[in-house]
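Chemist: Since the structure of chain A is provided, determine the placement of chain B on it from the hints.
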Amino acid sequence: MSLRTLSAALLCIGITVALGWAVLDRPFPQENVPERVTSAMPESGVDHPITAVLLNFRSYDTLLEIAVLLLAVVVALALREAQPDRPEQMGLENPLLRAVMAWLLPLILIVAGFLLWAGAYQPGGAFQAGSVLAAAGVLLRLAGVTTAWLDNATLMRAGLALGLLTFLGIGLLVMIPGAPFLTYPLEYAGTLILVIELTLTLSIGLTLISLFRLTPPYADDPDEAREQEAEETP
Amino acid sequence: MPWLDLLLGLTLVVTAALALAARDMFRAVIMFIVFGLLMALAWVRLQAPDIALAEAAIGAGLTGVLLLDALGYLRRPFGSRVDKPEDRP
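Top to bottom, those sequences are chains A and B.
Anchor point for the first sequence: position 22 equals 22 in my numbering, and the numbering is continuous, going up by one each time.
Anchor point for the second sequence: position 8 equals 8 in my numbering, and the numbering is continuous, going up by one each time.
FYI, nobody ran anything at the bench for these hints, they're computed from the structure.
Source: prediction; values computed, not measured.
Note that CB positions come from ideal geometry on N, CA and C, so glycine has one too.
You may find that some hints are simply not true.
[To be verified] Cβ pair distances, simulated, as ranges:
hint : chain 1 : residue 1 : chain 2 : residue 2 : range
1    : B       : T63       : A       : R98       : 35 to 43 Å
2    : A       : W103      : B       : V14       : 30 to 38 Å
3    : A       : E65       : B       : Y73       : 26 to 34 Å
4    : A       : A148      : B       : L66       : 18 to 26 Å
Pulled out of the complex, with its shape left as it was, chain A reads as follows (with noise of 0.2 Å):
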C-alpha cells in the first residue's frame, strides 16, 4: 500500500469517526419544534406541516434555494456553446417513443398539476411537480419534439426568473401593511402560498428542462468517434 492510499485511508476514517462522534454529541434539542409547528398550523394557510414549513414558517429558507437554482441555470446559459438548439439531433431514432408521448403527456401533466394541489394537505408540492414537468419536457426532448415557446429565449427566461420575482414580489408586498418581509397575513395566507406554488412550479420545470436542453447533442457513435480519434492521431 502507498503512503498515498495509506494517509487518503486514515483521513477518510477520521472524517468518518469525526461525523459519527458529532452526531452522537449533539447537544439536546432545547424547545419541542414539531409541537412547535403543529400548534402553529392554523396560521399556516395549508393542512399539511411540512408545505408550511418550507412555505410559510422557513419561507426565507425556500426562497434562497430558488435564486440558487435560478443562479445554476444563468451559468448554465452562459457556459452554453455558441451553437443552434438542434432538436432533430437531440431525438432517438424511436417512433415508439413519440407514438407513446402522446398518451403519456396529458398523465404526467394531470400528476404534475395534483402533485401540486396536494401539497396543500398531504406530500407533494412545488418542487415535486416541477420535476415531473421537467420529465415531461425531457421525454419530448428525447422524442424530438420541437416546440417554439421553448426556443423562443425571451419568453423561456421570463419563464425560468417568474417564480423567484413571484416570490419576492409577494414577500415585498406583505410590507406594505407593515408586516415582516414573507410574512403573509393570515386570512389570504393559503392562496398567496398556493400562487407562489404554481409560478414556483413553472419556473422549477423550465430550470430542469433547462439545464438538460443546454448539453450540446447527443454523442455520435462510439465506435466512429474512435475511429475518428484514431484518424486524428498518427
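Modeler: For chain B alone, coordinates are given in the frame of chain A:
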C-alpha cells in the same frame, strides 16, 4: 417488517458500493439510479414521503438523465463539440 428494512438497508449499501466500484461508467450510472429508487423506498419506510417523492423525481430520475447525458458527451472525441463539419453553413 424489520427483515425487509434490513434487506433494504443492505441493498442500499451494496448498490452504493457497486456504483462507486464499477469500472464501466454506464453501469455506475445505472447503479446510481437504482440506488436513488431504493433510497426513495427507504425514505417511505422512515415515514418521510415528501423526501421520498423528491428523491424519486430528482435524485433517481432527473439526475440519472443528466448523468447519462454527460456520459454521452464524454464519449465524444476531444474537439468535436460543435456539429459535424459538413453540417455547418
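Chemist: Mind listing which of the numbered hints don't hold for this structure, in increasing order?
Modeler: 1
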